[in-house]
Amino acid sequence: MTKMYLARNPKVAARCLDGEMMIMSGRDSTLFSLNKTATILWQSADGATPLDEIVEKRICAEFDVPRDEALRDAEKLAQELAGHEILQVSEEPIVPGVGR
Amino acid sequence: MSLPELITEIELLSLTITIGGMAVRVHTLDAQFVRMLEDRYAGFVGAADEDPEIEFDIELAAPRDTDPNADVSVRCEGSRWILQRGDFRAEWEPEARRGWIRQTANPYSIDAVLRIVHTLVLARQGGFLLHAASAIRNGKAFLFAGVSEAGKTTISRLAPRDVTLLTDEISYVRRKEDRYVAYGTPFTGELAKLGENVSAPVETLYLLAKGKENRIDGVEPGEAARGVLGNLLFFAHDEELVQAVFHSVFEFVKRVPVKRLTFVPDQRVWELIG
Numbered sequence: 001m002t003k004m005y006l007a008r009n010p011k012v013a014a015r016c017l018d019g020e021m022m023i024m025s026g027r028d029s030t031l032f033s034l035n036k037t038a039t040i041l042w043q044s045a046d047g048a049t050p051l052d053e054i055v056e057k058r059i060c061a062e063f064d065v066p067r068d069e070a071l072r073d074a075e076k077l078a079q080e081l082a083g084h085e086i087l088q089v090s091e092e093p094i095v096p097g098v099g100r
Numbered sequence: 001m002s003l004p005e006l007i008t009e010i011e012l013l014s015l016t017i018t019i020g021g022m023a024v025r026v027h028t029l030d031a032q033f034v035r036m037l038e039d040r041y042a043g044f045v046g047a048a049d050e051d052p053e054i055e056f057d058i059e060l061a062a063p064r065d066t067d068p069n070a071d072v073s074v075r076c077e078g079s080r081w082i083l084q085r086g087d088f089r090a091e092w093e094p095e096a097r098r099g100w101i102r103q104t105a106n107p108y109s110i111d112a113v114l115r116i117v118h119t120l121v122l123a124r125q126g127g128f129l130l131h132a133a134s135a136i137r138n139g140k141a142f143l144f145a146g147v148s149e150a151g152k153t154t155i156s157r158l159a160p161r162d163v164t165l166l167t168d169e170i171s172y173v174r175r176k177e178d179r180y181v182a183y184g185t186p187f188t189g190e191l192a193k194l195g196e197n198v199s200a201p202v203e204t205l206y207l208l209a210k211g212k213e214n215r216i217d218g219v220e221p222g223e224a225a226r227g228v229l230g231n232l233l234f235f236a237h238d239e240e241l242v243q244a245v246f247h248s249v250f251e252f253v254k255r256v257p258v259k260r261l262t263f264v265p266d267q268r269v270w271e272l273i274g
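Chains as they are written, first to last, in our numbering: chain A, 1 to 100; chain B, 1 to 274.
Among the hints, a few may not be true.
Listed below are the simulated DSS-like cross-link pairs for lysine-lysine, each with C-alpha atoms no more than 25 Å apart in a straight line [as the list claims (entries may be wrong)]:
id	chain 1	residue 1	chain 2	residue 2
1	A	LYS36	A	LYS11
2	A	LYS57	A	LYS76
3	B	LYS193	A	LYS11
4	A	LYS76	A	LYS3
5	A	LYS36	B	LYS193
6	B	LYS254	B	LYS193
Now the in silico label distances, taken between C-beta atoms and shown as ranges [claimed, not checked]:
id	chain 1	residue 1	chain 2	residue 2	range
7	A	LYS76	B	PRO107	47 to 55 Å
8	A	PHE63	B	PRO265	45 to 53 Å
9	B	THR66	A	GLU92	34 to 42 Å
Derived, one-sided and incomplete: chain A residues facing chain B with beta-carbon distance under 8 Å [claimed, not checked]:
id	residue
10	LYS11
11	ARG15
12	GLU20
13	MET22
14	MET24
15	ASP28
16	ARG58
17	ALA61
18	GLU62
19	VAL65
Source of the hints: derived by calculation from the structure; they are not laboratory data. Yeah, the Cβ is synthetic: ideal placement off N, Cα and C, and Gly gets one too.
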């Protein structure tokens with residue numbers, strides 16, 4: 001099974017205010033407010049930790065949800081965030097500052 | 001019979017427009033255009049010996065079919081900014097503190113250039129321009145933010161005599177150490193009345209909402225940030241500056257109370273302000 005690695009896009013601006021993570025695209029100034037799961041993905045996106053480990057240690061620990069289902073949802077969400085250029089996703093670990 | 005003069009001395013005319021404490025000097029050959037600008041920016045014309053932050057040479061083009069409602073484009077190429085809309089093109093080199101504007105003889109194009117340039121300068125200094133009316137009462141500035149039709153002009157029109165109006169459309173916010181100061185602007189909305197060229201520390205920012213009663217409610221920090229971000233005036237597609245302005249807004253909402261002001265259109269709403 002292929003791994004998925006996530007890294008934050010350094011070109012977006014992010015601030016957490018009272019538990020709410022807000023992100024603004026540097027490209028077109030679109031503002032995003034992340035839900036709890038997306039916030040966990042953003043906070044855990046260090047380029048080195050595979051998604052299945054993030055799901056197991058952070059998402060399943062916080063939400064009462066079966067691991068496989070949580071992983072499928074997290075993969076979908078990660079791709080969605082990548083579509084908005086909030087996250088970078090890769091099948092290999094992502095080195096900071098190196099584009100895909 | 002003598003030969004006609006081959007060389008004629010051309011007088012370059014200048015005008016300094018000072019908004020938010022920042023002087024911009026414009027140079028043109030057209031005396032009528034200068035008079036138009038003196039009228040347009042009455043109250044914001046600075047002293048001739050004021051040291052300008054930026055100087056613009058204005059090249060007046062012949063009238064042609066232009067679209068002032070076309071999308072504005074603001075981009076940085078190397079060391080210069082290029083500002084463009086259907087009715088003007090301008091370039092500005094921040095390091096040289098100089099630029100030029102090509103437009104027809106109208107006050108709207110240069111107004112747009114000034115707004116853009118001020119947003120770019122403020123972005124690096126922790127300030128911003130905001131779609132908000134603003135006014136001073138008892139030495140404190142109050143901002144009333146909202147999109148078109150939210151009530152900016154209405155609340156400005158309802159202001160009692162002891163209130164000094166800074167603007168009914170575009171508020172000018174500058175960071176001064178740990179506080180924020182609002183300045184009057186000549187950028188008007190439907191009221192078509194220039195703000196007073198004065199300033200005061202920002203006391204509260206109100207997010208405007210029309211309703212059936214006059215009421216002030218607190219808002220969650222996230223809603224406050226979204227409310228301010230949603231009313232920001234910023235044109236540049238520049239990742240570094242967008243990030244700077246984004247963080248400036250969060251610094252602002254950390255230091256300035258943001259509340260929701262629901263109001264009915266009558267003067268009693270001002271009993272809640274100040």
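Structure-based check of all given hints:
1. LYS36(A) - LYS11(A): holds (22 Å)
2. LYS57(A) - LYS76(A): holds (18 Å)
3. LYS193(B) - LYS11(A): The hint is violated at about 40 Å.
4. LYS76(A) - LYS3(A): holds (14 Å)
5. LYS36(A) - LYS193(B): Judged against 25 Å, a Cα distance of about 46 Å means the pair is violated.
6. LYS254(B) - LYS193(B): violated (32 Å)
7. LYS76(A) - PRO107(B): 47 to 55 Å: This hint holds: roughly 52 Å between Cβ atoms.
8. PHE63(A) - PRO265(B): 45 to 53 Å: With Cβ atoms ~47 Å apart, the hint holds.
9. THR66(B) - GLU92(A): 34 to 42 Å: With Cβ atoms ~51 Å apart, the hint is violated.
10. LYS11: holds (5 Å)
11. ARG15: Since chain B brings a Cβ to about 5 Å from ARG15(A), closer than 8 Å, the hint holds.
12. GLU20: holds (4 Å)
13. MET22: MET22(A) check passes; min Cβ-Cβ to chain B is 6 Å, inside 8 Å.
14. MET24: OK, holds: MET24(A) within 8 Å of chain B, min 5 Å.
15. ASP28: holds (7 Å)
16. ARG58: violated (22 Å)
17. ALA61: violated (24 Å)
18. GLU62: violated (20 Å)
19. VAL65: violated (25 Å)
Going through the hint list in order, the structure does not satisfy hints 3, 5, 6, 9, 16, 17, 18 and 19.
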